Every structure is written in structure tokens, then in C-alpha cells.
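S.K.: What follows is the residue order along each chain.
There are 2 protein chains.
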Amino acid sequence: MKKVHIIGLGLLGGSFALAVKKALPGWELTGFDQNPEHLNTAFEMGLIGKKLETPDADTSLVVVATPVDTLYSLIDKTLAQVGPGTLVLDFGSTKDELCQKMSSHPKRAQYLAVHPIAGTENSGPKAAEVNLFDGKVLIICEMDKTDVHLKGLAYEVFEAVNMKLRFMDPVDHDLHLAFVSHLSHISSFVLGKTVLDKTKDEKNIFDMAGSGFASTVRLAKSSPDMWAPIFFENKKNVLEALDSYIHHLSLFRQLIADGDEKGLNQEMKEANKIRDILDLKD
Amino acid sequence: MKKVHIIGLGLLGGSFALAVKKALPGWELTGFDQNPEHLNTAFEMGLIGKKLETPDADTSLVVVATPVDTLYSLIDKTLAQVGPGTLVLDFGSTKDELCQKMSSHPKRAQYLAVHPIAGTENSGPKAAEVNLFDGKVLIICEMDKTDVHLKGLAYEVFEAVNMKLRFMDPVDHDLHLAFVSHLSHISSFVLGKTVLDKTKDEKNIFDMAGSGFASTVRLAKSSPDMWAPIFFENKKNVLEALDSYIHHLSLFRQLIADGDEKGLNQEMKEANKIRDILDLKD
Numbered sequence: 193m194k195k196v197h198i199i200g201l202g203l204l205g206g207s208f209a210l211a212v213k214k215a216l217p218g219w220e221l222t223g224f225d226q227n228p229e230h231l232n233t234a235f236e237m238g239l240i241g242k243k244l245e246t247p248d249a250d251t252s253l254v255v256v257a258t259p260v261d262t263l264y265s266l267i268d269k270t271l272a273q274v275g276p277g278t279l280v281l282d283f284g285s286t287k288d289e290l291c292q293k294m295s296s297h298p299k300r301a302q303y304l305a306v307h308p309i310a311g312t313e314n315s316g317p318k319a320a321e322v323n324l325f326d327g328k329v330l331i332i333c334e335m336d337k338t339d340v341h342l343k344g345l346a347y348e349v350f351e352a353v354n355m356k357l358r359f360m361d362p363v364d365h366d367l368h369l370a371f372v373s374h375l376s377h378i379s380s381f382v383l384g385k386t387v388l389d390k391t392k393d394e395k396n397i398f399d400m401a402g403s404g405f406a407s408t409v410r411l412a413k414s415s416p417d418m419w420a421p422i423f424f425e426n427k428k429n430v431l432e433a434l435d436s437y438i439h440h441l442s443l444f445r446q447l448i449a450d451g452d453e454k455g456l457n458q459e460m461k462e463a464n465k466i467r468d469i470l471d472l473k474d
Numbered sequence: 193m194k195k196v197h198i199i200g201l202g203l204l205g206g207s208f209a210l211a212v213k214k215a216l217p218g219w220e221l222t223g224f225d226q227n228p229e230h231l232n233t234a235f236e237m238g239l240i241g242k243k244l245e246t247p248d249a250d251t252s253l254v255v256v257a258t259p260v261d262t263l264y265s266l267i268d269k270t271l272a273q274v275g276p277g278t279l280v281l282d283f284g285s286t287k288d289e290l291c292q293k294m295s296s297h298p299k300r301a302q303y304l305a306v307h308p309i310a311g312t313e314n315s316g317p318k319a320a321e322v323n324l325f326d327g328k329v330l331i332i333c334e335m336d337k338t339d340v341h342l343k344g345l346a347y348e349v350f351e352a353v354n355m356k357l358r359f360m361d362p363v364d365h366d367l368h369l370a371f372v373s374h375l376s377h378i379s380s381f382v383l384g385k386t387v388l389d390k391t392k393d394e395k396n397i398f399d400m401a402g403s404g405f406a407s408t409v410r411l412a413k414s415s416p417d418m419w420a421p422i423f424f425e426n427k428k429n430v431l432e433a434l435d436s437y438i439h440h441l442s443l444f445r446q447l448i449a450d451g452d453e454k455g456l457n458q459e460m461k462e463a464n465k466i467r468d469i470l471d472l473k474d
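Chains as they are written, first to last, in my numbering: chain A, 193 to 474; chain B, 193 to 474.
I should point out that these hints are in silico values taken from the structure, not numbers from a laboratory. Just so it is clear, the structure is predicted and the values come from calculations on it, not from any experiment. You may find that some hints are simply not true.
No distinction is drawn between identical chains; accordingly, a pair holds when it is met within one copy or between any pair of copies.
Using 25 Å as the maximum straight-line C-alpha spacing, the simulated DSS-like pairs for lysine-lysine come out as follows [what the hints assert, rightly or not]:
no., residue 1, residue 2
1, K356, K242
2, K242, K214
3, K390, K427
4, K428, K461
5, K428, K390
6, K214, K392
7, K269, K392
Using the sequences and the hints, build the whole thing.
M.R.: Structure (C-alpha cells):
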């Protein structure tokens, strides 16, 4: 019987626990969360079979699913606690800084840098969903730096929970994620803030908000504790993406101000191409 | 048997036809679309029972569901064709300019200005959905200016298709819609454009786009033919909303650039309040 230990029993850690439990029913799940309430909830929900601050030395896999600014110290601490047969991985949404810090770690071969492209706007153990990872992409960075036997076991688990593996350089990962994920969180947070600021004391105007607004602003419900560290850790790329977004918004603004029908239609038709790309994914 | 005539058999017109057909099965549905392909598709799908360029003079209700820049001339033309017992209404997303133009129309009492808060990113008759209007808000402007008997019939139809009526001044309508609808379309169009521009020739990076990106960028699939006229007709309010959005984005950018954890958390926590408001609507 193999053991999996999960640190951070929120949306991602909790969902991974549910997926492993379903896909690999013989395996033992232990876990920890620094929030005692979350830890108890996770245990009561059956996400883990045992609450454990320190993973057993013979644990096969430790997953660290906490905010990105806590990852290095938790990985470092965990590698000191476990035996040579344990693989430690993290689910962080930024990979470059962490991989750089890990590059000189004496136990680098026992670490695997991954990022599951999965999530919702909800957080905490109650937000866990058994199918959150099902069919989703898992990006793996610097795979060569991980011991071949240890990562073999990890691949087995990812396959069991039905994830699609993609391999990528951490620098490219962080740049692309700034555009396709971090930027859309910012656009949504700021859309929510803009509308709330304008409509103070007029809650009834939300009667006028349709499903389009709800969809666009959905990510504004996301956890600040999770997202602030991502924006700071990926600052360079996030600022590049945000500057480009503001630049494009200003161009769009000018086309409206100028009454430039042809130009505005052209911009929107180009944006429409996102349909083909998103449809490809379905 | 009452007759309803629909001009513009796209997403809204087509969905309204389906809803009326279901809720009021005895009624006769006629309609027209200037796109011959859409007109034929709508007829073949059974959205309308008869293709008719000019509504019969004894039609009870004519719905104009075309881009906002075409509404006044179509309403004006239709009022000249129908008898005194016909009510004409439009589904436009901007109301102020149209109500102003209509204010001096000799048949003003036969017109009702409404806006259903319903839609999807799709367009054309094939996008029609029978339940699109079910339980949704319908905003009615300047209700006093419409003949009491004629609007009584319209309210009967709206009730039959299960819409919630709200009454509002057209100036307020256009301002609020700029924030809760038009702005989210712009934020989404421009997000799509920004990401596409960055990721040209790298289609595979959309592997890295999760459900969050898909949700935020969904409205970028919307029809330019429908949306360009809305942005131009509501230019003043749209520019105010867009300037406020760009201003808030610049503030958010500065907080990231400065590494201001406390300030960034505060901004995101305030944006999180959108959850309570959206949840109220469910």
C-alpha cells in the first residue's frame, strides 16, 4: 500500500485527494493544513484518512498545494523529513523562481515541478471536486532534473487521475501563464472593483447584470491569499501582460471615441478568433 | 388568434419566437430577416410559421430585434405599415437615443422601449434557445408614454414567457448598462485580442488556458455587427466606464509593481464582494 501526503487541503489539494481516493482506492491518504478548521473539515469530509503534520518517512508522494510564496520553505522542510524513496511536488501557478531556488538543493532529484491547469473561483476544502483534474493538462517543468524512478510513480498517479502531461521550460511557462491565466484574473478582479465602485448604494442595478457579466467577473471571487503571491512572484511577466492589455484597451477606446466603425469591427473580428482556439480544446 | 411578428430572427428574436410558441401555442408567428439565409433557417427551424416582409395590419405585437443602429428606421417604417391596434417594441441594449428620437413620433403611444437582460455569445437563428428569457429581467423605459391597452397585451406576453419586469429611466439604463454589460464585453474582446497578439504562431499554448480564461474571454466571441453600434450609440457612458476600468487597472498595476501586499489584498477583497451580489441573483 502506497502513501500520499497532501499539504494544503484547499481547492487543489482537496480535489487531488478526492481524485486519488477514487482512482487508487487502496492507497493511504494523509494530509495537513495550517488552518485547523480546514484540516478538520478535510478530515471529516474524508479527503484524508489521517491528519499528520509531518509525513511518514515512507510516503511515496508528497503534494504541496499552498500559496506560491510558501512553497520553497515547505518543500525544503518536507525533503528533510522524508526518506530517499519519497517524491515531493508542488501545484504552484508560477514555476521559474521556485525551480531556480531548487536548482542547488541537495535533494533536487526528489522534487518535481508541476502545475495543473485546473481550478475554480472557490477555495477551501469544501470547494474540492472529485473531477477537477479529470482530462485537464498538467504542465511539468525540468523533468530531467527529477530521479527517473520517482517521477515514474508520479506519472502513474497522474495517469490514474486522467491528466494530460505537457513538458515545458519554467521561463516559458511563467510568461505564457501571465497571459492566459494571471491576466484574466486581473481583468476580472478589476472589472468587479470598477463596477462596485460605480454602483455603491445601488445594489438593485445588478438586476441589470446578465450572464455575460457573471461569466466575465467570475474570477473576481478568487482568493486574494492565493493570487497576490502569484502576481508578485511573476511580476515581470504579469506587468508585461497587463501593460499590453491596457495598451489594447486604450486603442479600443480610441476607435470608439473616433467613431471608427471599420477599425472597431476589425478589432472585434480578430478577437472573435478566440472562438476557434477555444473550440479546439473541447 | 393573435399575431406576433418578429423582425430580426437572430439570437434574441429567434429565442423570443421559440418562447412565445411554447407559452402561447395558439398564437401565429410571422417574421423577417434581411439575411435570406437566416430567414430560411428560421422558417425551416419552425421559429416562425410564415415569412413576411411586411407585418399584417392586424398584428398584435411587432418585435424589432436587430442591431441598435437600425432600430429607429425599422420602428418608424413598421408603425406606418400596421393598424392602430398594433404595439411595436424593440430589444435594443441602448435606450436613451432611441427614446429621444421616438419622443416626437406621431405614433409614440404604439411603441414600447424594452431591453431583455438575456443573451449568449452566439448569434443567428441557430443560436436561439427556448428558455433564454425564462426568469430573466426585462427593463421597460418610459412606460407612461405607451398606450395602456397596447402595453397590457405586451405585459401578458412577457408574463407568459416568465420575464421579471423592471421600470427605469432610459438615461439611467444606458449609464448602468455601460458598466454591467457593455464594459464586460469590451474587457473580454480586448483580453482575447491581447492574448492572441502575444501568442501568434503558438497555438499550443492554449493548452495552458483553463476554464477561468474561457469564462473571462467568452464574450469575445460576440457578434461585431451587434456590438459596434451599441458602443457607438452609448459612446459617452461606454467611454466613462472604460476610462474608469483603465484607471483601476493602472492602480492595480502600481500595487503589483510596488510589491504592496496590503494594498493589493485590499483591492482583491473588495472585488470579492461581487460574490455576495451575484449570489443574491441566484
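S.K.: All hints are to be evaluated individually against the structure, with a verdict given for each.
M.R.: Evaluated hints:
Taking identical chains as interchangeable, the C-alpha atoms of K356 and K242 are never at most 25 Å apart, the minima being 29 Å within one chain and 51 Å between chains. Taking identical chains as interchangeable, the C-alpha atoms of K242 and K214 lie at most 25 Å apart only when both belong to the same chain, with a minimum of 17 Å there against 55 Å between chains. Proximity of K390 and K427 under a CA criterion of 25 Å is satisfied inter-copy only: 17 Å between copies versus 28 Å inside one chain copy. Taking the closest pair of Cα atoms, K428 and K461 come within 25 Å of each other only across two copies (23 Å); inside a single copy the shortest separation is 30 Å, beyond that limit.
Taking CA atoms no more than 25 Å apart as the test, K428 paired with K390 passes between copies only; the shortest distance there is 15 Å, against 30 Å inside one copy. Taking the shortest alpha-carbon separations for K214 and K392, neither the intra-copy value of 46 Å nor the inter-copy value of 39 Å comes in at or below 25 Å. Within a single copy, K269 and K392 get their C-alpha atoms no closer than 46 Å, and across copies no closer than 41 Å, so neither meets the 25 Å cut-off.
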